[in-house]
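Enquirer: The sequence shown begins at 1 in UniProt numbering and counts up by one.
Worth flagging that the hints you see were computed from the coordinates, not collected in a lab. Heads up, a few of these hints could be off.
[Said to hold, decoys possible] Quick list of simulated restraints, FRET-style, between CB atoms: (1) Ala207 to Pro113: 38 to 48 Å; (2) Asp214 to Glu146: 21 to 31 Å; (3) Ala151 to Thr184: 32 to 42 Å; (4) Phe112 to Asp160: 17 to 27 Å; (5) Ala215 to Thr150: 34 to 44 Å; (6) Asp129 to Phe62: 22 to 32 Å; (7) Glu146 to Ser56: 37 to 47 Å; (8) Thr184 to Ala140: 14 to 24 Å; (9) Ala140 to Gly59: 18 to 28 Å; (10) Pro159 to Ser137: 20 to 30 Å; (11) Ala70 to Ala151: 35 to 45 Å; (12) Pro139 to Ala215: 16 to 26 Å.
[Claimed, not checked] List time: in silico DMTMM-like cross-link candidates among lysine to aspartate or glutamate, alpha-carbon distance up to 25 Å: (13) Lys147 to Asp172; (14) Lys203 to Asp216; (15) Lys53 to Glu146; (16) Lys53 to Glu212; (17) Lys186 to Asp172; (18) Lys142 to Glu114; (19) Lys63 to Glu146; (20) Lys142 to Asp129; (21) Lys63 to Asp172; (22) Lys53 to Asp172; (23) Lys136 to Glu146; (24) Lys55 to Asp45; (25) Lys186 to Glu173; (26) Lys53 to Glu65; (27) Lys203 to Asp172; (28) Lys203 to Asp129; (29) Lys55 to Glu65; (30) Lys63 to Glu173.
Ideal placement from N, C-alpha and C gives every residue a C-beta, glycine not left out.
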Amino acid sequence: MLLNVITLALLGSLVGASAIPKNPPRHVFGASYLKSRAAGAQAVDQLLQIAPKSKSCDGASFKDECRTAAEAAPFLIKAMADYQITVPNEIAAVLALIALESGEFQYNTNHFPEPGRPGQGTRNMQMPDFNLAYAKSIPALKEPLEKITTADTTAGMSPDQLNAIRALVLPDEYSWGSAAWFLTTKCASSRSAIQAGGDAGLKAYAACVGVEVDADRTKYYNQAQSAFGLKPYNLHPVLPPLYESHPVFLWLPLESRVGHGPVGVIGAFQC
């Protein structure tokens, strides 16, 4: 009986408007935060379902840019916490976009057609103007960015300037967070549809990003939905009694994880 009450409390809090914690922890997926190796393996397995090629970088054309699912997972989890993205359909949509745009984690800059578009990059292949705005949003990049430009637009900049701005946001600590930043800063009017999921969610997200829905985008979106146990238009999946084994659990900030073991305690979310 107690277990059912706790599970229902978690579900109710997820559905409530206060499901996003006000002060999520900064780090949520580093090795020291995982409860077990099995938990880490589960999270990596989810990424491999979305981006199967990310199991290895052995065949990558640009090995310095390629990352495996195991290498990407800590940064992706941290990005969801930093930008307070806790709705499963949104997490799935962001990961699907990254998987597609980065060639399943193989690329961090635009290479095609050769030699690639100056200034375009990060794991969601942002255009130069967005990379400038993203860099401006990161306090640690303020001084190095000001050495390149103090402008608010990349209009009229040389390829070298565009690439220099891009270089600031290419390190793993920033490049894996760009898609989450874009969603939360550029897609405000689309988020309710994205959170609802399904075909409408995919179309809303694609429209915000400025692309068309095609077979490849649909494929990655469906793979991400499947990896998280989601169905079209299912805002929040029904968690099993042992909800810590649910695909979504590992991607929620630590403060959002209600349980500590199969029974757990109520605390993080308030309806």
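Enquirer: None of the hints should be skipped; say for each whether it holds.
Expert: Right, here's what the structure says about each hint:
For the pair Ala207 and Pro113, the beta carbons lie near 25 Å from each other, so the given range of 38 to 48 Å is not met. Taking 21 to 31 Å as the suggested C-beta distance range, the pair Asp214 and Glu146 does not conform, at roughly 39 Å. Here the CB-CB span from Ala151 to Thr184 is close to 23 Å, at odds with the stated 32 to 42 Å. The given range of 17 to 27 Å is respected by Phe112 and Asp160, whose C-beta atoms sit roughly 20 Å from each other.
In this structure the hint that Ala215 and Thr150 lie 34 to 44 Å apart at CB holds, the actual value being about 43 Å. For Asp129 paired with Phe62, a C-beta distance near 24 Å keeps the hint of 22 to 32 Å intact. At about 39 Å, the beta-carbon gap between Glu146 and Ser56 stays in the expected band of 37 to 47 Å. Judged by the Cβ atoms, the range 14 to 24 Å given for Thr184 and Ala140 holds: they are separated by roughly 19 Å.
Between Ala140 and Gly59 the beta carbons are some 34 Å apart, a value that contradicts the proposed interval 18 to 28 Å. Between Pro159 and Ser137 the beta carbon distance is about 23 Å. The supplied range of 20 to 30 Å therefore holds. The given range of 35 to 45 Å is respected by Ala70 and Ala151, whose C-beta atoms sit roughly 38 Å from each other. In this structure, Pro139 and Ala215 break the distance hint of 16 to 26 Å, their C-beta atoms being roughly 40 Å apart.
This hinted pair checks out: Lys147 and Asp172 have alpha carbons roughly 22 Å apart, not beyond 25 Å. For the hint linking Lys203 to Asp216, the alpha-carbon distance of about 13 Å falls within 25 Å, and the restraint holds. In summary, the hint linking Lys53 to Glu146 is not supported, as the alpha carbons are separated by about 38 Å, beyond the 25 Å threshold. In summary, the hint linking Lys53 to Glu212 is supported, as the alpha carbons are separated by about 24 Å, within the 25 Å threshold.
Simply put, Lys186 and Asp172 have alpha-carbon atoms about 22 Å apart, close enough for the 25 Å limit, and the pair holds. Restraint check for Lys142 and Glu114: the C-alpha separation of about 31 Å exceeds 25 Å, so the hint is violated. At roughly 30 Å between alpha-carbon atoms, Lys63 and Glu146 are farther apart than 25 Å, so this suggested pair is violated. Between Lys142 and Asp129 the CA atoms are separated by roughly 16 Å; this keeps the pair inside 25 Å, and the hint holds.
Restraint check for Lys63 and Asp172: satisfied, since their Cα atoms lie roughly 14 Å apart, inside the 25 Å limit. The hinted pair formed by Lys53 and Asp172 meets the criterion: a straight-line CA distance of about 19 Å does not exceed 25 Å. Only pairs whose Cα atoms come within 25 Å are accepted, and Lys136 paired with Glu146 is accepted, the gap being roughly 9 Å. Taking the CA atoms of Lys55 and Asp45, the gap is about 9 Å. The hint holds against a cut of 25 Å.
Between Lys186 and Glu173 the CA atoms are separated by roughly 20 Å; this keeps the pair inside 25 Å, and the hint holds. Annotation: proposed proximity of Lys53 to Glu65 holds, straight-line Cα distance about 14 Å (limit 25 Å). A hinted pair counts as satisfied when its Cα atoms are at most 25 Å apart, and Lys203 with Asp172 does not qualify at roughly 28 Å. Distance restraint check for Lys203 and Asp129: the Cα-Cα separation of roughly 23 Å lies within the 25 Å cut-off, and the hinted pair is therefore satisfied.
Pair hint Lys55 plus Glu65 holds up; C-alpha atoms about 14 Å apart against a cutoff of 25 Å. The suggested pairing of Lys63 with Glu173 holds, with an alpha-carbon distance near 18 Å, which does not exceed 25 Å.
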